[in-house]
Amino acid sequence: MKFGVVVFPGTWSDRDFGWVIDRVLGQELRYLWHKDRDLHGVDCVVLPGGFAYGDYLRCGAIARFSPVMESVRDFADHGGLVLGSCNGFQVLCESGLLPGALLRNREGRFVCQWSHLVCERNDLVFTGLMTVGKPLRIPISHGQGNYFADPATLSRLEQGGQVVFRYSDAEGRVSRGANPNGSVHGIAGLVNAGGNVLGLMPHPERCAEAGLGGTDGLLLFRSLIEAGLGVLTA
Amino acid sequence: MRALVVVTPKLVVNDPQGNTVQQGLNFLGFTEVSRVRVGKYLELELSEADRTRASSRVEQMCQQLLANHVIEDYRFELEADPAP
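In the order they appear, the protein sequences are chains U and P. Taken in order, the first sequence gives residues 1 to 234; the numbers are from this note's numbering. Taken in order, the second sequence gives residues 235 to 318; the numbers are from this note's numbering.
Chain U with its partners taken away, still in its complex shape (with noise of 0.2 Å):
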């Protein structure tokens, strides 16, 4: 499968996941510059973390405007596999390819640490050999991570399943304390109506080998790449 990691002035997470596709899975790497309009054919864009733009204005409010996002959102639109972590997941929602907005964490802190997430659907491509309601160990790792929509959106988001990753305990159990950031109904990561563009505040490229402390991470990759080759095969 190719990857196509998009890489924009203050990107710090490309090369993680660079490193994970192409080392730790074998799988096809193309780094992205943000003017370039050319997606090079591939399969998969990743939006990483970082601070795009030096994150002027807001998160990812300038990063949209930058040529790669006009060949990603017109990619998104025809079905292509967008995946966007932190940053990123700010960049979708600036860019309009996910509904809401991240504000700045309840606590007014930036946070870093490992947290939990129960995954409540895996009948998409991001999250196949995922369980529903076993919980994932996934750092995180931001400013303003506290997902925000108004209650119209949010409605539509559950009865739509776009909530993908939801913030627990170590048990699965989702409630206010396991919240690191204040994110409305512990929201961590969610989908777009159409099952192909997955937004997340939390680093699956950060847990990829077992020396970096956990391996849940490997799940996103393997279930995109699994089902990556369903659909070249078929």
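Possibly wrong hints are sitting among the right ones.
What the hints assert, rightly or not - Here are some chain U residues pointing at chain P (derived, C-beta under 10 Å): (1) M1; (2) W19; (3) R58; (4) L102; (5) F148; (6) S175; (7) R176.
Calculated from the structure, these hints are not laboratory results. Here the structure is a predicted model, which is why all the values come from computation and not from measurement. By construction, the Cβ of each residue, glycine as well, lies at the ideal position given by its N, Cα and C atoms.
Could you slot chain P onto chain U? The hints should help.
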């Protein structure tokens, strides 16, 4: 023409910066402060002398970039260049 744009978090949005500043003010004895909202202030220099046209353009700027309508409100004033 100059546009003076103020962007603030919507009232329904939690504003930890504003809450922290409010606590600081209350701590200093300014107990009459019951709410603080921290936002952004932008000054735009415009090559446009017509107030109606400028207003319509700045409105579009706010909607397309300067504010995120999901979480922020905006308002602006136009200020004519000083007479030469």
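> Hey, does the W19 of chain U contact hint survive, CB to chain P under 10 Å?
Replying inline: violated (33 Å)
> Minimum Cβ distance from R176 of chain U to chain P below 10 Å?
Replying inline: violated (13 Å)
> Against chain P, is S175 of chain U within 10 Å by beta-carbon distance?
Replying inline: Violated - the Cβ of S175 of chain U stays beyond 10 Å from chain P, reaching only about 18 Å at its closest.
>> Checking hints one by one. Is R58 of chain U an interface residue toward chain P, by the C-beta closer than 10 Å rule?
In response: holds (6 Å)
>> Less than 10 Å between beta-carbons is the criterion; does M1 of chain U satisfy it with respect to chain P?
In response: violated (33 Å)
>> Interface hint check: L102 of chain U, Cβ to nearest Cβ on chain P, cutoff 10 Å. Holds or violated?
In response: For L102 of chain U, the interface hint holds, since the closest Cβ of chain P sits about 9 Å away, which is under 10 Å.
> Should the hint that F148 of chain U touches chain P count as held when the rule is a Cβ pair under 10 Å?
Replying inline: holds (6 Å)
Checked against the numbered hints above, the structure violates hints 1, 2, 6, 7; every other hint is satisfied.
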